[in-house]
Amino acid sequence: MAFLVRFWGTRGSIPTPGRATCRYGGNTSCVEIRTDDSLFICDGGTGLRELGVDLLRRGNTPISAHLLFSHMHWDHIQGFPFFAPAYRPQNRFHIYGTHPGDTRFHSLLSGQMRSAYFPVDFSELNAHVDATDLGADGARLIEGVMVRCFEQKHPGLSYAYSLERNGRKVVYATDNEIDLTLADPTLPVREPNAPRVIPGKFIEFCRGADLLIADGQYTDAEYLKCTGWGHARATTVVDLAVQAGVRQVAIYHHDPMQSDRDVENKIETCRLRAARFGSPLFVFAAREGVEIKVD
Amino acid sequence: MAATQDGNDELGALTAENEIPVMPVQVITRPYMLQQIRGPGSPIVYNLEADVLVVGRADDADIRIGSTALSRRHMRLERYQGGYRAIDLDSSNGVYLNEVRVHSAVLRDGDTLQLGNAVFLFHEGK
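Protein chains in written order, with the working numbering: chain H, 1 to 295; chain S, 1001 to 1126.
Keep in mind the hints are simulated off the structure, nothing from the lab.
Take the hints with a grain of salt, since some may be wrong.
Only some residues are given here: those of chain S computed to face chain H with a beta carbon under 8 Å [as the list claims (entries may be wrong)]:
hint, residue
1, 1020
2, 1021
3, 1038
4, 1093
5, 1102
6, 1106
Ideal placement from N, C-alpha and C gives every residue a C-beta, glycine not left out.
Construct the complete structure from the given sequences, taking the supplied hints into account.
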């Protein structure tokens, strides 16, 4: 087994509990990626709280995990103060910056745990929480997994991460407004069915992924009202996945206004698009509580 | 409905004059269910009452499906957060949740599960 990928939070922007979202979930971004020997956590939205509960339920052995943050917007860090394993002294957590000396993520996580914002100070966490980085090239071998990062288009910047092991590859790419990076950003409006030209570097970063988890927050209609907000059309993610030869793509970071039915309609549109391209790509909606094996 | 001198009515609830009594409500319960809608043995409904159930073609499976398209021990259903979670027991043909192949999944009302050539509909209980 190369990877087990479990979704703990798939919603963007703000948690959205309620009847209309109970299938795909209302927790914000958090994905657990496990191998036999290692644990990676991508983002610490509200889904991180439940991941923490589950980690403690799995047993008493010390937990060591590698935390990769796409960026520090609230919906990607708000679960961290409630991450119970961080309060246990036998546990170790490594927070990765994208280059040497990059301690932004560590600094901002600790910054949100000050009395003005939260009653428990970061210094009161009993686990060992250290700041480290992916190295000068933004790539590092961590417990047998090659982890790479890629800078994305988002207000204040965000990062995608690829994880490779034993010939298998998972890419986590959320909060990325790919549509603003298209060779012709007006093409999707003028010719919606035409293939969109995505920057080659990003295609190569995602090349051959067995599972791509990508921000597909908006439908085409929604995107017209939210251009510049930092998120992509789900249909553009399909083009990316097809051009990169991805095996399956999980559309992620669902808009808070989208009900379960809206998410399903969004996915149906994406599947039709992939089929129109004659691609074997499988498209599905990231859903809380679902675990995918990549082997 | 006769009122007694101290204001109690026949339902037993104290009432002030002109006040409508709060009536006891009968709570409707329904078990969690797995409804097989396709494949050998269908249609059939299984009430899910145990904390752990194994679905497969083995004779001792809790839900036995007589098809070689299922592994002997194909999937486990276990209680999770008041509902159920489905876990693939390394089956040959996989577990498909609403057409997505999953290793495990927390189940929601209306989910479909395909194991080999058997298809099930999951119903949340009350």
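Name the hints, by number, that the structure is in violation of. 1, 2, 3 and 4
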